[in-house]
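For this one, chain A is given, so just place chain X on it according to the hints.
Protein chains: 2
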Amino acid sequence: MSSELIHSLRKGNRLALSRVLSQVEDGTKASQAILEKLFRATGSAHKIGITGPPGSGKSTLVNGLARELRRREPQLKVAIIAVDPSSPFTGGAILGDRVRMLDLQGDNQIFIRSMASRGALGGLAEQTEGLSQVFDAAGYGFILIETVGAGQSEVDVVNLAHTTIVVDTPGMGDDIQSIKAGILEIADILVVNKADRPGADQSAAHLRNMVEMGYAADYSAGKHLLSGSLSASTGVVTPAGWIPPVLKTIASEFQGISELSDAVLAHAAYLRQSGQWHAKDEAAIRANIRRLVTAELIGEFRQTVPAELMEALVIKVQQRELAPNEAVRELLAYNRINSLKSSE
Amino acid sequence: MSSELIHSLRKGNRLALSRVLSQVEDGTKASQAILEKLFRATGSAHKIGITGPPGSGKSTLVNGLARELRRREPQLKVAIIAVDPSSPFTGGAILGDRVRMLDLQGDNQIFIRSMASRGALGGLAEQTEGLSQVFDAAGYGFILIETVGAGQSEVDVVNLAHTTIVVDTPGMGDDIQSIKAGILEIADILVVNKADRPGADQSAAHLRNMVEMGYAADYSAGKHLLSGSLSASTGVVTPAGWIPPVLKTIASEFQGISELSDAVLAHAAYLRQSGQWHAKDEAAIRANIRRLVTAELIGEFRQTVPAELMEALVIKVQQRELAPNEAVRELLAYNRINSLKSSE
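Protein chains in written order, with numbering that gives the first Met the number 0: chain A, 0 to 343; chain X, 0 to 343.
It is worth saying that the hints were derived from the structure and are not from the lab.
Misleading hints may appear alongside valid ones.
[Stated by the list, open to error] With a straight-line Cα cutoff of 16 Å, these simulated EDC-like cross-link-like pairs (lysine to aspartate or glutamate) come out:
#: 1; chain 1: X; residue 1: K28; chain 2: X; residue 2: E295
#: 2; chain 1: A; residue 1: K315; chain 2: X; residue 2: E281
#: 3; chain 1: X; residue 1: K315; chain 2: X; residue 2: E329
#: 4; chain 1: X; residue 1: K36; chain 2: A; residue 2: E325
The following block holds chain A by itself, in its conformation from the complex (with noise of 0.2 Å):
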């Protein structure tokens, strides 16, 4: 059953896609065989991060992006996943899910699919981990995962994608500077989106600054080609790596986007020279792997120590009998003794 799923969605049949991806992300028993599976035919897609905060207009710049990707290479299908954290709540990605699909149809071998989900067994990531690896063996040839925000759990999904693009639009607040420079060391691309709006080219040429200041070293080596428009849309190679650029976009009206697209394409191809791609990819591996394990570790552990053990020692503690450390202790005791009884 499940290998004919495999079948059908290696043959490119969506519905069976829809459906995989449906197991992945609910997390089942089911879908860790499947994943299994599949996994030895994934690891060419170009796996595309876009984050920045509300009201940066991502999502229509993804698909902005997904549409003149598909026109570069009509060979190469277009996934998206839009995962939305800051809902951990509501299921409003779907009406989300919605009017994207409206603006994308007519194009077949675009697929999108949002995660509205609370959370499950490792995280978004995780799944976002999850749904790539499905895309990417369904022959997938651009994955692009957008989230929304500048928090760790957006660092965390975007860790696994080759590119990461972020994007701002101009003057959007006044402590939003701080977000820049942590999010900074992330991005592979800066993009100012609404670029139409009064500000744009102040914050582009702050970018600018920032992404200068912080690549001072590499910059001597590559900076004068950076006057150059066509080098500095696409970023800069230097003898010591990358140095992303910063694009201007108005992606409500498709302006920018071709100049987006030569910075994706052109990443994708420095990675490949540098041998940065493997590089990426190890760590992707490694952060998954690392996820999975912690995941195992506490279902085992949940599996072995009873509920009322459980309950007995939070009382305790909300009593200030114990302090939360030495409650975790005895857990733990229980936990060692009992799953080595298990072992026997």
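Positioned in the frame of chain A, the structure of chain X alone reads:
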């Protein structure tokens, strides 16, 4: 040594407090012993979480609230923990810290602590919980926990508070509504800050609508109360529970801060009367224990499984000889056998 430190801390020595906070933030072994000793003295503080998007003026609002709470309850000290998960890579919080210190100087019963650290064991939520326990044991009556953003990590941080305040500003962008939808369900008090900007009334009305929808069932009992401005600003208690008030503030001019304090104190009174205080305390303890158990399980795993085995398996996965799940099974089998050996 550490008991002297604890003694000084409990007597109100700010230097001792600083030292203990640093140790707890660094997650040293010594800090675990300190937290254990301090824990019995915790449980009195009112923990207040404040979250919202960047640019909403949270820091100014939090400073104002701290000052107003000090005015209302002069016998109680106020702690501010500023969590900055959006800058996992930079030490950006330090500067902000100094600016805020300046703003609040002259009141040595207010203590500010910023965290800009890169995911210690158990993560931001665990660190915040630790710092919060230290302040609690040191006799701080109010602990304000401020975090940027509205992602999962912010929800985790805010979950340990008794009262959660969600701050927004008028007309921040187009997809901001989706954040509100998610974050609404954890809000006890909603604030539209920078209420002198255009669109403040619409934003407040919009939030009231969303609250009304979310609490439709409870509303029939308490709706009429909302027309009275006092009840609207301090929250409405219906037979079914607390309905979050929507407040307008201009924190930079200290406007609306008094009403916000009313709401905060009303919510505390509600929690105590309804037994919810106890329930929130228990939820925080449960989450704390869960995080500590996870951190310990991973720590044990890392000590048991040699790095070489991990590396060998990562390479096999990267070469698509093994699926991640298969590598994880090998790692866990090794871990089981060898932690078994060491406990024999």
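Evaluated hints:
Simply put, K28(X) and E295(X) have alpha-carbon atoms about 12 Å apart, close enough for the 16 Å limit, and the pair holds. For the hint pairing K315(A) with E281(X), the CA-to-CA distance comes to about 10 Å; that is within 16 Å, so the pair holds. Straight-line distance between C-alpha atoms of K315(X) and E329(X) comes to about 12 Å, which keeps the hinted pair within the 16 Å bound. Only pairs whose Cα atoms come within 16 Å are accepted, and K36(X) paired with E325(A) is accepted, the gap being roughly 11 Å.
Of the numbered hints stated above, none is contradicted by the structure.
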